[in-house]
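> Listed in order, the protein sequences are those of chains F and L. The numbering of the first sequence is my numbering, which starts it at 91 and goes up by one. The numbering of the second sequence is my numbering, which starts it at 8 and goes up by one.
Honestly, the hints are just simulated from the structure, not real lab data. Everything numeric in this text was worked out from a predicted model, so none of it was measured. Where is the CB? At the ideal position from N, CA and C, for every residue including glycine. There may be inaccurate statements among the hints.
PhoX-like mimics (lysine-lysine), calculated; alpha carbons at most 20 angstroms apart, straight line [said to hold, decoys possible]:
(1) Lys108/F to Lys115/L
(2) Lys275/F to Lys247/F
(3) Lys93/F to Lys115/L
(4) Lys275/F to Lys79/L
(5) Lys93/F to Lys27/L
(6) Lys32/L to Lys93/F
(7) Lys247/F to Lys112/L
(8) Lys125/L to Lys93/F
(9) Lys109/F to Lys115/L
(10) Lys102/L to Lys241/F
(11) Lys247/F to Lys115/L
Interface residues of chain L toward chain F, partial, derived using beta-carbon atoms under 8 angstroms [what the hints assert, rightly or not]:
(12) Met13
(13) Ala16
(14) Val22
(15) Asn47
(16) Ile114
(17) Arg117
(18) Cys119
(19) Val121
(20) Lys122
(21) Ile126
(22) Glu127
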Amino acid sequence: MHKIAEVEIQHDIMAANKKLAKRNQRIFDKADVFTVDVLGAIGSGKTSLIENLIEKMDYKIGVIAGDVISRFDAGRFEKYNVPVVGLNTGKECHLDAHLVKHALGDLPLDDIEILFIENVGNLICPVDFDLGAHLRMVVISVSEGDDTVEKHPLIFKDADIVVINKVDIAKAVGADENKMFNDVKELNPDAVVIKSSLKTGEGLREIMDNIQKFME
Amino acid sequence: MHELSMADAIVKTAVDVAEKNDAQKITEITIEIGGLALLNPEQLKFMIEVLSENTLLEGAEVNVEEIPIEIKCESCNYEGPTGSEELDHYMPIVKCPECENVSIKIIKGRECNVKNIKIEKEDEDA
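Same shape as in the complex, but just chain F:
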């Protein structure tokens, strides 16, 4: 004879990640490391921005470079002689708190003041996965089209800093960078929105100043 029973579970799958993210943040706080989750579209300039920040910011910087199958980005950062861990996500489209925890063991946290975590280029999947970072910085560029913000609202709703990159080519690609700026502000009035061009250097000082402000 078989008996049928109903078992209440009420287990939040997202909660496991949130718990790990909190644990990560405690590790960062203990080591006095300010951590920035850098998210954004493919080719928007996440890696270039971090390279610029490594060169220009007067802090000891470390990087976790997330990528689907390669260590391309990690290789780029290594040239700057900063501690770098490449995180291969395999088939996954985002970093999660568990993967980041694994990378922490390979970083000299006591010798790092700012840790940049470069997420996988994607405006959708990383949104649901908190990594335990202190700051969420989203990088997009005009070449993805000026409707990018409208199409992916959640990632901007959660962002602390939004960088709209490559404004120097906005005219050439027929995009209105001011529309993108206003779309972010409408979704998230508290976000710091910065128009930049890593090629000309526009906006870079503002990005650095704002990261510093969040550290205080």
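Following the hints, put chain L in place on chain F, whose structure we already have.
Below, chain L without anything else, positioned relative to chain F:
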């Protein structure tokens, strides 16, 4: 495409609970997904079915329920549904339906819960 990792966690959770309850088989599983969680219910269902092969969950009916989006307005303190039925995924997270202020917090609608399972087990009295 993180349905795969979510499905994996869901299958593991269900099988784990079933084993702890001495189940011989899971006949039904109910999942709750928030209206703003970036997960596609159909894809999630498919992945759960694939991953449950050769587990206690194999062949179980997979139900997906949606958790409605709820917001809290930081200006007028309104708490509740967004008041927008259209799911264009934009307006619901922009404005308070009462005072139209844009400073709102999402308090519900981003979850992915395993709600319950129905299991078959040996009747102890038999």
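> Which of the listed hints are not met by the structure?
3, 14, 15, 16
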